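Colleague: Protein sequence lines correspond, in order, to chains A and B.
Take the first sequence: its position 81, counted from the start at 1, is 81 in the working numbering, and no numbers get skipped.
Take the second sequence: its position 309, counted from the start at 1, is 309 in the working numbering, and no numbers get skipped.
These are computed hints drawn from the structure, not numbers from a lab.
The structure presented is a predicted model; accordingly, all values stated were derived computationally and were not measured.
It is possible that part of the hints are untrue.
[Said to hold, decoys possible] The calculated label-pair distances, taken between Cβ atoms and stated as ranges, are:
| # | chain 1 | residue 1 | chain 2 | residue 2 | range |
| --- | --- | --- | --- | --- | --- |
| 1 | B | 486 | A | 59 | 41 to 47 Å |
| 2 | B | 215 | A | 58 | 51 to 57 Å |
| 3 | B | 138 | A | 59 | 29 to 35 Å |
Cβ coordinates follow ideal geometry from the N, Cα and C atoms, glycine included.
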Amino acid sequence: MAGPAPEDREKPTGRRNSQGIRIDPQAEAEAKPRRTVISALVDHKPGVLAKVSGLFARRQFNIESLTVGPTVDETMARMTIVVEEPEPGIEQAKRQLRKQVHTWSVREVEGAIERELALIKVDGHDPSGVAALAEMHGGQAVRADDEVVTVELTGTEEEIDAAIAAFEQFGVHEVARTGTAALASGTRSTA
Amino acid sequence: MSKSQPTNESEASADTDELSEEASDEQTANKTKGAQSVVTALEKAEVEITFGVQGGAIMPVYDALADSDIHHVSMAHEQGASHAADAYGIVSGKPGVTITTSGPGATNLVTGIADANLDSDPIVSLTGQVPQDMVGNDAFQETNTMGITSPITKANIFATSPDTVGDDVGTALALAAEGRQGPTLVDLPKNVTTSETDVEPSEPTVPEAYQVPPDEADPHSVEAAAEALAAADRPLILSGGGVIKSEASEQLREFAIEYGIPVVTTMPGLGSFPEDNALALEMGGMHGTGYANMALSHCDVLLGIGTRFDDRLTGGIETFAPEAEVIHVDIDPAEISKNIHADYPLIGDAGAVIEQLHGAMPGEPDAEAWRDRTMEWKATYPMGYETPQDEAVKPQFVVEAMNEAAADDAIVTTGVGQHQMWAAQYWTYTEPRTWVSSNGLGTMGYGAPAAVGAKLAAPDTQVIAFEGDGSFLMTSQAIAPAVRENLDITVAILNNSYVGMIRQWQDAFYDERRYESDWDWGPDFATLAEAYGAQGLRAMGYDEVPDVIEEAFAYDGPSVIDFHVDPVADVYPMVPSGGNNAEFALEADHL
Numbered sequence: 001m002a003g004p005a006p007e008d009r010e011k012p013t014g015r016r017n018s019q020g021i022r023i024d025p026q027a028e029a030e031a032k033p034r035r036t037v038i039s040a041l042v043d044h045k046p047g048v049l050a051k052v053s054g055l056f057a058r059r060q061f062n063i064e065s066l067t068v069g070p071t072v073d074e075t076m077a078r079m080t081i082v083v084e085e086p087e088p089g090i091e092q093a094k095r096q097l098r099k100q101v102h103t104w105s106v107r108e109v110e111g112a113i114e115r116e117l118a119l120i121k122v123d124g125h126d127p128s129g130v131a132a133l134a135e136m137h138g139g140q141a142v143r144a145d146d147e148v149v150t151v152e153l154t155g156t157e158e159e160i161d162a163a164i165a166a167f168e169q170f171g172v173h174e175v176a177r178t179g180t181a182a183l184a185s186g187t188r189s190t191a
Numbered sequence: 001m002s003k004s005q006p007t008n009e010s011e012a013s014a015d016t017d018e019l020s021e022e023a024s025d026e027q028t029a030n031k032t033k034g035a036q037s038v039v040t041a042l043e044k045a046e047v048e049i050t051f052g053v054q055g056g057a058i059m060p061v062y063d064a065l066a067d068s069d070i071h072h073v074s075m076a077h078e079q080g081a082s083h084a085a086d087a088y089g090i091v092s093g094k095p096g097v098t099i100t101t102s103g104p105g106a107t108n109l110v111t112g113i114a115d116a117n118l119d120s121d122p123i124v125s126l127t128g129q130v131p132q133d134m135v136g137n138d139a140f141q142e143t144n145t146m147g148i149t150s151p152i153t154k155a156n157i158f159a160t161s162p163d164t165v166g167d168d169v170g171t172a173l174a175l176a177a178e179g180r181q182g183p184t185l186v187d188l189p190k191n192v193t194t195s196e197t198d199v200e201p202s203e204p205t206v207p208e209a210y211q212v213p214p215d216e217a218d219p220h221s222v223e224a225a226a227e228a229l230a231a232a233d234r235p236l237i238l239s240g241g242g243v244i245k246s247e248a249s250e251q252l253r254e255f256a257i258e259y260g261i262p263v264v265t266t267m268p269g270l271g272s273f274p275e276d277n278a279l280a281l282e283m284g285g286m287h288g289t290g291y292a293n294m295a296l297s298h299c300d301v302l303l304g305i306g307t308r309f310d311d312r313l314t315g316g317i318e319t320f321a322p323e324a325e326v327i328h329v330d331i332d333p334a335e336i337s338k339n340i341h342a343d344y345p346l347i348g349d350a351g352a353v354i355e356q357l358h359g360a361m362p363g364e365p366d367a368e369a370w371r372d373r374t375m376e377w378k379a380t381y382p383m384g385y386e387t388p389q390d391e392a393v394k395p396q397f398v399v400e401a402m403n404e405a406a407a408d409d410a411i412v413t414t415g416v417g418q419h420q421m422w423a424a425q426y427w428t429y430t431e432p433r434t435w436v437s438s439n440g441l442g443t444m445g446y447g448a449p450a451a452v453g454a455k456l457a458a459p460d461t462q463v464i465a466f467e468g469d470g471s472f473l474m475t476s477q478a479i480a481p482a483v484r485e486n487l488d489i490t491v492a493i494l495n496n497s498y499v500g501m502i503r504q505w506q507d508a509f510y511d512e513r514r515y516e517s518d519w520d521w522g523p524d525f526a527t528l529a530e531a532y533g534a535q536g537l538r539a540m541g542y543d544e545v546p547d548v549i550e551e552a553f554a555y556d557g558p559s560v561i562d563f564h565v566d567p568v569a570d571v572y573p574m575v576p577s578g579g580n581n582a583e584f585a586l587e588a589d590h591l
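The shape of chain B in the complex, shown without the other chains (with noise of 0.2 Å):
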């Protein structure tokens, strides 16, 4: 029998019935499997959900799971089980586990661990292996899973004896919810989650050495700081990804209010501020209001909060809130000055530092002026559309229209694409927690997967995805476990039958060659929806949206509505990679 065959796994498992046999009679009454403990490790730390798929290496854990309350469901891709656990995690504010197998069964979860690196998401991903005599053999079904997730894992764990690794996925949750949040990976070895211990996992840590950052910053730091945001003129506040992350929005808006500073978010940063606020200036960086990178640009003291000054935000360095002292208050000490010098580094958790800073605050910052100015840049450069009746349905009406009919709290998930810059611009994010998104590594096909984590993570709100054609296609069998788990979500396509912003970009900086970017051999996304099993709609005029929307609205379970929308509606205002904020683009000619 060569040494790579799967059956392999028997004769691993008879050695170990071997070893149980020596236990003494008493013993064997305590003794449990490996992937048991695993199980028992999640139930320590609460998890009440994990999604995944099955398969060889692996199913030791889901066996045990059949006896456990935890829910696990079932995703069609191992890549949507990423998102949907990734999503999970945004909204609950838990970490979302993935529970999937050896070789495809890791790699496929790739695009979603990275996703979640990038965009500092709490997922801790349990992946199978094939068993210990059998690792680095090229065995059927094996890769090398930490190697492979090493660069874009917070950490990753290699179990090595079942006595151990319920502790291992106790530190993994641990680790991917403390200070910065971020993705950890189990592996774990079939001998050892078929192997037989009698060992309790212990209630999840984080590794000694690991060096758990401080809330609070250093108060002499924070006075300084506090002290030049009272002297600005021109204050601005950049809220992050990592003010929702630390349960912080509240803080934030009391603070940006008394002291009547304007308010910019980043995308991961939407919700963190109430966008119909009179100081919100909403997102800023290559597709962020006119108002909002005017603001950026102009600023002389700006105090960013949890946020890693990403280049889609910055544009050039160069030309980077040029003229501001920098604020930067992040959990992340590597974050400090990494893109952008900060003048005062403020290190802790983003609501114990505004709390700091609140107390240090020797007085209102003098910013009459310049709020006049934001509101000016406000009335000068509006976000608008025109909408013609006879021509094909604005994608931004369509955002608008389900904004409208939503629920003030609805989440909203995205795909990647022009759609999701609508989805960012016209729908006003008022609550944290309401914007799921694949901000920072831009994956397609992100939104509707994450539709599904969102909704079990929050299952009385309401869930809508966005998505593109193009993106849509990528991931829409996540539709299929949508219906299976009866979910009330509604995913809006706004179809333009285009990868849309590769046509934009290349209509403006490629001579208008669309090449390979025209993808009107798209499936009919209604009938594909109800092959799924879903509710299919379709809207291809105005008059038709809001009944469609109130349809899909109505309907109790999954619905997908097809929007035929305008096919060469571009995203604007936007700042071209790596340029000035301040010479945002409101059209082509301007690029």
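So here's chain A without its partners, still in its complex pose (with noise of 0.2 Å):
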């Protein structure tokens, strides 16, 4: 085929970063992940929260977690995703969940109230000691076995972090933790 080889040709000069962004000599930098926490009201109905699980997945999303449960109205379901990602990817993510044919409103959360709840089993050689931390945390040690105390905790995702690596003195068997459920503060709806 005629013309010249790619060496020979006109070339220019601009670039773009791998977020598809038209580089601006003065800002080259890409955008860093951050943390927010995403709320989708959904309708209650079998599959959608497969839907939406599938949808993070396959664009390879990265999902801190993800919640899901009733809300005042028995027909819709609130999902509560935590995410890390660049702000395209955010952005991209919001979008994603608002064009499902079941979700009725997205909203990134911004000062949202969060909490979680954490169950952790604790070695039990010293029982006084493992309740008096569980308080000090916030939290209550709800059952004692042969072996082993088991606490309940709620708090933020780095509170029950906080108390998980204090428990470690102890000696901690199992964790089961289910992730950030989160409200906007105030009057402000949360989506």
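From these two lone chains plus the hints, build me the complex, please.
Modeller: Written as structure tokens, this is what we have:
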């Protein structure tokens, strides 16, 4: 085929970053990941969670947690999704969620009240010490068996992380965490 | 009796018979079956043609179809049904409908559904399913169709009641066509279609939660975009498949011509702008023209309309339109800034937004020098090939000869491979809905069944399918229903005895190790066509090409021409996967 070879052609001088953003020489850096809480109101129907989780998995979004449960309107469920992504990814996640047929609304919750429930099974050689530590972290020992004490805690993801780290002094056997549930503060609606 | 035996169907219907006996006599007069509701919903949506294959779990729907005016086309394979429905959707603009059974009937559709999903084509798949009390028990011909198709459908619905199944079908039809088009599916358990109902389906509507996209974009954003475009020195329009889907080709032409802005099309956008216009730079991307890729690489404002900036178009993201501010028009907000950041996001219907832009343009961009440059590029990087008469026929020559002999508005369908690229490059597309191809999924075997769907959508228009030998072998059984329906289509096989694109890549990137790409074991396609009852023709040299084309076009019914072409002809220009569009190769040495 006729025409000059690639090295003999006029060359454009610009460039984009890997996120498709045209590079401004003043701001070369790519967007860094940030953690955010996305709340979505969806139809409370079978298959909706599978569709949403499948969507996130397929697009390789980095989900920290995804919780779902009914709302005051029994036909709706609220999904709380914590993601850590660079800005274009967060925007894309919200848009992909929004376009699902069973999604009523999607919002990124800023300044959210966030809570997570954790059950922590701690070694039981010092039950009173475990109970005391649980109280210090705003939780309680809910059951003492032969060799373990089970503690229930609610708090933010960071608070739960800190509590689990503290319980390590006794020995942690097992942990079950629910992932974050969140609501916007005050009278602002969440999604 | 094992629970997984199909004879349980009779038990399910026996249950419903008992229920119906309890109904009062006057109600019985209005009673109908769920299957009838399915057909009524199709009729209400003015569906005229359906494609499919009969099977156990879908038999009630077929039985109800027997009393309908809907023309059902039985295909030889469900994959062909989904491709035919897909092509029907592309050509007619209305959703193509498939009706197939459970299990393999549904899984065989999957390739076609995935194909429609990547090309945003409107198709509705109605799949049979085992009765609800057997779902999840690994019953005979059961698969989790909802689970399998969830990632590749816009929406899928599991029908649960004969009272609502008609509305489920209506919803699927409405959703497939609304906003960004795409595939939808309704899974129909046999007990739902065999049970009685007295509920008449409503008009097709989308679900309440579904956000119907706005037609018009935010006026402030339109204004800002129009200003940027008018101020551009090197403006360029990238016209995608969305322009055709929104019937915006006419608006696009007027806009581009009035403001003197050159136009590159994506592959699905072929036909959205006439390629015989001086502003047309034709297709961009991996096998796009040199001039299209030079323009993409040097423009300073790029107006992308109805395109998702697929990687076959963009090449490497870092080098795509690297100097351009991007105005992105799309009906799907999730497409904005997904691959390429949009400096001016305009969410709305392509036609409506072009009108808005038209109204907001403060003036014509001062782009004469830029247009001159694009003309120089056309002269510098012409599309072309050599035709030594003592060598094998060049495949590009066949495409051009067919184009010359065919009607101006002829529809081209293609399989996938080198032949598809030559059909894209060497046919002159001037009208929307004349290019029917597997753009996003790259499904070999798409061309022949697509020709069936295209011809049924446009019976008075000439339909030509380009296929490769490897591609055609995958779905050649589509010739059987073409013969049965006496469809006047021409299948042109560019037969090089290779899976040619693989052979080309092996030559370029795998040290010429042609492992398993040499397909010299293919059948005699002309004889195969005759075995199906079609006209089979063969052309071995240049002098035979015009005659066989004439013979095929003159024949009233399906013809298959086996063109024996240069086995080692390659597709150029070429941008290697993820490469820089500006560095397109014109020959192997450039790679």
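Colleague: Each hint needs a verdict: does it hold in this structure or not?
Modeller: Verification of the hints:
One distance hint, 41 to 47 Å for the beta-carbon pair residue 486 of chain B and residue 59 of chain A, holds here, with the actual separation near 46 Å. For residue 215 of chain B and residue 58 of chain A, the hinted distance range of 51 to 57 Å is not satisfied, since their beta carbons lie about 29 Å from each other. Evaluation of the 29 to 35 Å hint for residue 138 of chain B and residue 59 of chain A yields a pass: the beta carbon distance comes to about 31 Å.
Hint compliance for this structure: hint 2 alone is broken.
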